[in-house]
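If you want the building blocks of each chain, they are given just below.
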Amino acid sequence: MRWPPEWRGAAALDLLKDTPLDSLLLPSTDGYQDVIERAPQLDIAVCDINRPPSGVEMVKGEWPGIRMTTGQGDASSGPTGAPWIDSNGWLVRLTRARKPGGTAWVAADPPKSNEIVPLSRHLVAVADGAAHGGRWVVTLDKDMAEGLAARKPGSVNGWKKLMDAIAFFLAHSEWNAWPVDAVLAVVSSFSGDDEFFSHELLNLMARTNISYGIVETASFRPEALGGLRAAVYPDAQPPPAEVRQALLDFVERGGLLIAGPKSGIKPGTMPGTAPGRPSAEEPHPRYEMRQFGKGRIAMAHQQPDDPYEMAQDAQILLSHRYDLVRLFNGSLLGAYSTMSPDGKRRLAHIVNYGGSADDGDPATARIAGRFRSAKLWSFESAEARPLEMVAQKDSIEVHLPGLAVYGGVELET
Amino acid sequence: MYSNCTRRQWLAAAAGAALARPFAPAALAASTGPTPRVAIAKCPTYGPELLPAMQRMFDQLGGLERLVKGKTVAIKVNMTGDASYRLGHTPAEDTHYTHPRVIAATVHLMGRAGARKVRLLESCWSSAVPLEEFMLQANWEPRDILSAAPRVEFENTNYLGRARNYVRMATPKGGHMFRAFDLNHSYRDCDVFVSLAKMKDHATAGVTLSMKNCFGITPVTIYGDGAGIDEPSVEPRGGRGIMHEGNRQPSKSAPSENDPKSPRDGGYRVPRIVADLVAARPIDLAIVEGVRSMAGGEGPWVKPSRAIRPGVLVAGSNCVATDAVCMAVMGYDPMAIRGAPPFETCDSTLQLAEELGVGPRDLRRIEMVGTPVREALFRYRV
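Chains G and W, in that order, give the protein sequences. Just so we're aligned: 394 in the working numbering is position 394 of the first sequence, and the numbers increase by one with no gaps anywhere. Just so we're aligned: 66 in the working numbering is position 66 of the second sequence, and the numbers increase by one with no gaps anywhere.
Fair warning: there could be bad hints in the mix.
Said to hold, decoys possible - DMTMM-like cross-link-like pairs, simulated, lysine to aspartate or glutamate; straight-line CA separation at most 20 Å:
hint, chain 1, residue 1, chain 2, residue 2
1, G, K161, G, D361
2, W, K303, G, D359
3, W, K69, W, D230
4, G, K152, G, D164
5, W, K117, G, E282
6, G, K161, G, D14
7, W, K303, G, D361
8, G, K393, W, D144
9, W, K71, W, D189
10, G, K262, G, E288
11, W, K71, W, E141
12, G, K161, G, E288
13, W, K42, W, E355
14, G, K393, W, D94
15, W, K252, W, D230
16, G, K112, G, E281
17, G, K344, G, E388
18, G, K142, G, E288
19, W, K117, W, E65
20, W, K117, G, E216
21, W, K303, G, D358
22, G, K17, G, E216
23, G, K393, W, E141
24, G, K393, W, E133
25, G, K262, G, E216
26, G, K294, G, E282
As the list claims (entries may be wrong) - So these bits of chain W aren't anywhere near chain G, every CB distance computed over 10 Å:
hint, residue
27, K42
28, P52
29, L87
30, G88
31, E133
32, E141
33, P150
34, A163
35, R168
36, C190
37, G311
38, R338
39, E355
Honestly, the hints are just simulated from the structure, not real lab data. Please read all numbers here as calculations on a predicted model, not as lab measurements. C-beta: ideal position from N, C-alpha, C; glycine also.
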């Protein structure tokens with residue numbers, strides 16, 4: 001938790017008693033001597049916000065939630081447009097992919113002094129970070145910090161709910177070790193000239209609900225592509241030779257590779273490779289499709305410069321047929337699909353970025369695969385509640401009750 | 001309420017339904033032309049009874065073969081709004097989308113009747129996504145439709161699509177609002193045009209049936225909120241707010257409104273635009289599916305609305321007549337004008353289309369065959 005400037009002196013530390021908070025981030029270690037001395041008595045570690053503890057990667061994120069809408073539709077003018085969602089999920093995941101075994105903390109700028117952040121937004125921020133395996137640095141707005149300092153009932157009640165949400169995820173910390181259940185990999189250096197594009201691509205692919213894995217070229221292992229249907233290489237710099245070869249091997253075995261001309265991945269121009277043959281499928285306006293081995297290569301006519309467009313194209317080139325989680329009435333929801341290490345359980349983390357269970361029609365989740373049982377984890381209950389499954393051809397549907405902030409749909413195979 | 005048409009009128013209209021007569025081309029079915037025939041069938045589910053019910057209707061209309069044999073058939077289905085919208089947990093096809101089994105059955109019967117090619121058309125919401133992908137998003141299996149007949153294709157008509165240019169289709173008599181429309185090529189590159197619609201109420205136009213289904217043939221690259229100012233935009237973005245509200249004109253490359261000073265009210269504009277569209281792109285076969293549907297609006301975004309099971313199918317070679325019969329089945333008066341249900345806040349598309357000579361809405365001038373209206377009646381308003 002970030003120490004709020006509205007809290008004066010170590011007495012405010014009493015608010016952290018019996019909470020799941022275990023670390024306190026101070027703006028500096030100067031001037032907070034009483035806090036620094038008292039905190040260890042409460043089993044709370046203290047550090048400078050600019051110097052996180054060893055093993056922790058601190059990243060700067062955004063306040064997750066709904067930012068804007070792209071349509072103004074109503075009953076008279078037709079269906080409404082999709083809202084824009086801010087999420088730190090991709091950033092947490094990228095951070096963890098680059099530092100396996102490390103802990104990702106995500107922090108956003110404190111709210112402006114006159115900004116009141118609804119409790120639901122604090123809860124969404126906690127859920128967004130934790131669902132993706134990270135931790136949100138709790139940052140109070142002035143109103144809540146002052147209310148808590150004055151022990152106002154409304155603030156204390158909100159604080160309790162916030163702590164319950166954090167405790168919920170700590171009680172399920174084993175989920176952090178569950179790998180993503182992916183159908184596609186984004187392979188990139190994620191750095192240098194390719195940093196902005198590749199980062200935005202991860203962000204925007206998450207919005208399309210593609211279940212993707214993150215593969216950094218610097219630590220590339222061919223096994224990372226195992227079991228996937230597609231790989232996207234968005235960089236404008238060619239990857240190392242072994243990565244290039246592994247991507248071509250992936251295609252030969254039946255995978256789909258989506259890349260730009262500057263990737264240098266062009267069969268026929270690389271030693272020992274045949275050029276492949278034009279695909280019989282319908283021409284794509286932005287990609288040349290070629291068959292190569294058992295798979296396909298979608299090579300952009302021009303190096304992609306719009307990550308939104310590339311994310312959308314990737315989804316269609318791969319096809320919605322391979323959606324792992326498909327949400328209905330889920331325009332405010334985001335899903336992140338994981339699998340237990342033994343492969344026997346799947347868990348779809350679903351975050352309601354609207355922060356309210358009362359918005360519109362209830363959501364339905366269609367999840368690919370066949371399962372024996374389904375249950376729903378939520379903040380509201382320590383125990384998961386069973387969910388009725390509607391069996392379909394190669395999938396199941398579960399009808400979700402109104403999710404205020406978070407629901408974890410756990411499925412047993 | 002269906003108050004202006006008495007049971008006696010229904011019986012009188014239905015009495016002439018004994019003899020089968022082949023489909024009449026849409027152009028010949030104007031209000032002064034031969035009496036159009038409309039078939040009604042009860043069909044409580046999308047199960048085994050669906051295909052025979054549809055076959056029987058088409059037979060009652062004179063047989064599909066005469067209409068489609070050796071022809072390219074374009075079928076505009078109704079998949080309004082984003083594919084992820086549902087009314088509660090109910091799948092879209094059980095409320096506001098034409099059901100895929102009705103689509104597959106239609107395609108199958110077209111193929112069996114000798115259609116050379118069947119092309120499924122819809123303008124997918126705010127996207128250039130292929131129609132097959134849009135169907136997958138709705139949880140449909142497009143292969144079930146592709147395999148229902150030989151040579152089946154899909155096209156998303158919300159933008160230029162596979163052609164190099166849009167096609168211009170003129171409205172006879174100059175139209176109420178538009179003298180012509182620029183459309184995706186598929187609406188001209190066909191011999192037979194079918195509107196395969198859902199039987200629903202509509203928040204702006206009162207009802208959405210075979211004619212209103214054609215509001216969606218307009219590409220939003222020209223007629224949508226994200227349309228280019230001078231030229232069509234490349235990618236479809238957003239809905240058709242400018243057609244509803246008239247807050248701007250279509251892309252300048254397309255014909256503008258006849259009178260930009262006409263009312264900007266959706267209840268005035270939408271029915272006129274729809275009437276113009278079905279005059280410009282005549283419907284050769286209108287099929288309206290009301291096996292399961294929704295009442296209160298055209299999609300889940302209209303509140304309040306509810307899922308219903310009318311268990312009925314209606315088809316005819318004249319879209320105005322078909323929609324008139326549908327209105328009767330829904331418990332409305334097809335002769336209703338603005339102010340009367342379901343046109344409390346809008347003009348009647350049926351009346352406006354009739355004025356353009358598209359067809360009659362008076363049940364006394366329509367030959368109804370199959371299940372009598374009184375037996376198919378399902379009141380959308382309770």
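query = In ascending order, which of the hints set out earlier in this document are inconsistent with the structure?
reply = Of the numbered hints given earlier, those the structure breaks are 1, 3, 11, 12, 13, 16, 18, 20, 22, 29, 30, 31 and 32, listed in rising order.
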